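Fit chain B to the given chain A structure using the hints.
Those protein sequence lines, which keep their order, are chains A and B.
The number in this note's numbering is simply the position in the first sequence, starting from 1, with 474 added.
The number in this note's numbering is simply the position in the second sequence, starting from 1, with 474 added.
Simulated from the structure, these hints should not be mistaken for laboratory data.
Don't take each hint at face value.
Since the list gives no way to pick one copy over another, a pair counts as held whenever it fits inside one copy or between any two copies.
Only pairs whose alpha carbons sit at most 25 Å apart, straight line, appear in this in silico BS3-like list of lysine-lysine [to be verified]: (1) K807 <-> K719; (2) K846 <-> K521; (3) K846 <-> K807; (4) K796 <-> K807; (5) K728 <-> K781.
Treat the numbers as computed from the prediction; the structure is a model and nothing was measured.
Protein chains: 2
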Amino acid sequence: MPHRKEAGPVGLVKKKFFTFCEPPHEMVLEGGGRLGPITVAYETYGKLNRDRTNAILILHALSGDSHAAGKYSADDKKEGWWDATIGPGKAFDTDRYFVICSNVIGGCQGSTGPSSVNPATGRPYALSFPIITIGDMVQVQRHLVDHLEIERLFAVAGGSMGGMQALQWAVTFPDRVLASIPIATTAKHSPQQIAFNQVGRAAIMADPNFNDGEYYGKAVPKDGLALARMVGHITYLSDDSMHEKFGRRLRGKKTLGYSFNLDFEVESYLRYKGDAFVSRFDANSYLYITKAIDYFDLTLPSGALAKSLEKVKSKFLVVSFKSDWLYPPYQSKEIVKALMVNSVDITYCEIDSRYGHDAFLMDEGEMPKIVKNFLENVAARNGIAAPAAGA
Amino acid sequence: MPHRKEAGPVGLVKKKFFTFCEPPHEMVLEGGGRLGPITVAYETYGKLNRDRTNAILILHALSGDSHAAGKYSADDKKEGWWDATIGPGKAFDTDRYFVICSNVIGGCQGSTGPSSVNPATGRPYALSFPIITIGDMVQVQRHLVDHLEIERLFAVAGGSMGGMQALQWAVTFPDRVLASIPIATTAKHSPQQIAFNQVGRAAIMADPNFNDGEYYGKAVPKDGLALARMVGHITYLSDDSMHEKFGRRLRGKKTLGYSFNLDFEVESYLRYKGDAFVSRFDANSYLYITKAIDYFDLTLPSGALAKSLEKVKSKFLVVSFKSDWLYPPYQSKEIVKALMVNSVDITYCEIDSRYGHDAFLMDEGEMPKIVKNFLENVAARNGIAAPAAGA
Chain A
475 MPHRKEAGPV GLVKKKFFTF CEPPHEMVLE GGGRLGPITV AYETYGKLNR DRTNAILILH
535 ALSGDSHAAG KYSADDKKEG WWDATIGPGK AFDTDRYFVI CSNVIGGCQG STGPSSVNPA
595 TGRPYALSFP IITIGDMVQV QRHLVDHLEI ERLFAVAGGS MGGMQALQWA VTFPDRVLAS
655 IPIATTAKHS PQQIAFNQVG RAAIMADPNF NDGEYYGKAV PKDGLALARM VGHITYLSDD
715 SMHEKFGRRL RGKKTLGYSF NLDFEVESYL RYKGDAFVSR FDANSYLYIT KAIDYFDLTL
775 PSGALAKSLE KVKSKFLVVS FKSDWLYPPY QSKEIVKALM VNSVDITYCE IDSRYGHDAF
835 LMDEGEMPKI VKNFLENVAA RNGIAAPAAG A
Chain B
475 MPHRKEAGPV GLVKKKFFTF CEPPHEMVLE GGGRLGPITV AYETYGKLNR DRTNAILILH
535 ALSGDSHAAG KYSADDKKEG WWDATIGPGK AFDTDRYFVI CSNVIGGCQG STGPSSVNPA
595 TGRPYALSFP IITIGDMVQV QRHLVDHLEI ERLFAVAGGS MGGMQALQWA VTFPDRVLAS
655 IPIATTAKHS PQQIAFNQVG RAAIMADPNF NDGEYYGKAV PKDGLALARM VGHITYLSDD
715 SMHEKFGRRL RGKKTLGYSF NLDFEVESYL RYKGDAFVSR FDANSYLYIT KAIDYFDLTL
775 PSGALAKSLE KVKSKFLVVS FKSDWLYPPY QSKEIVKALM VNSVDITYCE IDSRYGHDAF
835 LMDEGEMPKI VKNFLENVAA RNGIAAPAAG A
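Just chain A, same shape as in the assembly (with noise of 0.2 Å):
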């Protein structure tokens, strides 16, 4: 094993472009549709060992894509959404690990979705995208790892969405995943969760520009997606979080304004981060990834989530924070109980933080850690060697 190096940036990174299913093929869909040709925008970050044994999929959120880490250019002001967890020296040490992250099929960041355009009609398919499902977007990412030649990934990590991904992987691929990272995720979307997401899509539906959808090249739904992006912010946060963040704080000012512009801090904070939003995201890849994950019911067909889990191979690692309120402890410990009903090899870990779903993304404490310590200890014990140096 090398010296532990100080944890570092990834460096500048590239966004590369697979497509598949070419005419006269077609990928048929979960829920009866057809798609084709397909695209997946992705990244890789580090190297594949000599066996190919060292490849891990990182799996985004409803609003992610597949710049997990690293800046296109010196001049980006941002890194990837998992910078904090993706470098050499990090929890996916990428000196170790060659990581790959895609933007899922229905997304907007380079992969095929409801924005891409349609090669049957010459323009964008809007709705007439078929409705895809969480199992759709993982048999897309399998293509991805056939494409690159990686007969079984190491590991496959992701949060919230990201997460039903890794528990979907270990279902449908047994044999090609060796180990599985759900973070506060769900094994089924509950009545909440569901109605959440209903009113984004509702107020998306609703604004006056949505035009069933039909508003590419004119003015777009920018508030019904502002909207939407309002009420998800509210459920990433904790009221905890709030608090310290922004209590009832006045925005720029002493005293109420006794009007109906933005008094406290919290409302320009929601209202910037719902603007944010549209100048990155589309509205009709909103309303497609909601519903698959709305969808997304890992207890089916059969009800019972063990029996659904019967086939699991992969070491399992499933963290839960505990002030996620909108993807509750309790949603990870029926996958943990679920996987140990099936001698499943697992580590559960209920993290103290206070920042509620978002959590996942922005802890820097003691979830990378546990994730570096887990994949190092499934290395080990499965002999899955690091890049040769210079390689």
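Coordinates of chain B only, in the frame set by chain A:
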């Protein structure tokens, strides 16, 4: 004391009106606005005793009104919003107490609000209506209580925003309240609570029919108001009660629709609740009342709640519900602590209900009994007589 009867209905009731601050008088509001004349819609149940000491003022929540109990006609399908607690032999026992409930100022059920005609212009106030506060609501109620020639209320009671008014009464008019019963409420609105209200207001204001509030006589901002209500409804229920009430049950079919139609029962329930609300509530009132709630902060001006409660003379019953995540028990405990610092005679109950915030309206078990016993004890110790039978 008369023999205990079975609890029963209050029977047919009638909405009454009281108008004050006729020209040249005006009421100066906390935010600096001026308003007059002001009409208050109210109802009363039961009878005043000879000393006029048995009056209880019931205070409604965001979407409530003066119709707390009984029916307007035998054909009415629904009783008033707190009928479970108001009536002969019930918690607010109309054989013993004279119960009053009025619609808040800013409301849309008979009291002066943004949908009322401004006599100066002959048109509805709309957004020219002044910003109101919880303190203003209580001042208006005080005018009504004066009109009814009640020097001191036996009790003030309400849940949610009604609880804020119950607190405010005890603070603003310490000599005019014998007992205060704030239920499922807070002494200051938290950033999370403000954020949910902000989303509702943003949804209304983004509705193309909103037209800066000038929609009277035209199409109303129904999509926005329905969205606001949907968000609200999620916060009124608990995760647990949503599991029980809806689970992931599908709406009148056996398989997922793989479309953007409503799939789940929880979705159609929320949609129904949102749409139904539009037919009975005014969007501008929603803006004004949520703003009043967000402004509520009894810790001002010092920042210390105990300081603000120094002059309180009433006895207190504070009630919270364990599964209420919108107004969590810790907020009630902050009230309790600040009252205890001031040696106020206080009883606190955290009820182990599964029904979330809505429990204050739904609970037919412990809460009404606790309220009933508290009131009987205070009445007995203070010689509050029941009205003469048949008087």
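Next item on the list: Indicate which option fits the pair K846, K807 if close means a Cα-Cα distance not exceeding 25 Å: within, between, both or neither.
Entry: within (21 Å within a copy, 41 Å between copies)
Notebook entry, point to check: Between copies, within a copy, both or neither: which fits K796 and K807 at Cα up to 25 Å?
Noted result: both (12 Å within a copy, 21 Å between copies)
Margin query: Checking an output row: K846 and K521, CA cutoff 25 Å. Within, between, both or neither?
Written below: within (17 Å within a copy, 72 Å between copies)
Next item on the list: Go through the copies and call it for K728 and K781: within, between, both or neither, with a Cα cutoff of 25 Å.
Entry: So K728 and K781 pass the 25 Å test across copies only (21 Å; inside, 59 Å).
Checklist line | Homo-oligomer pair classification [K719, K807; C-alpha up to 25 Å] | finding: between (29 Å within a copy, 22 Å between copies)
The structure shown violates none of the earlier numbered hints.
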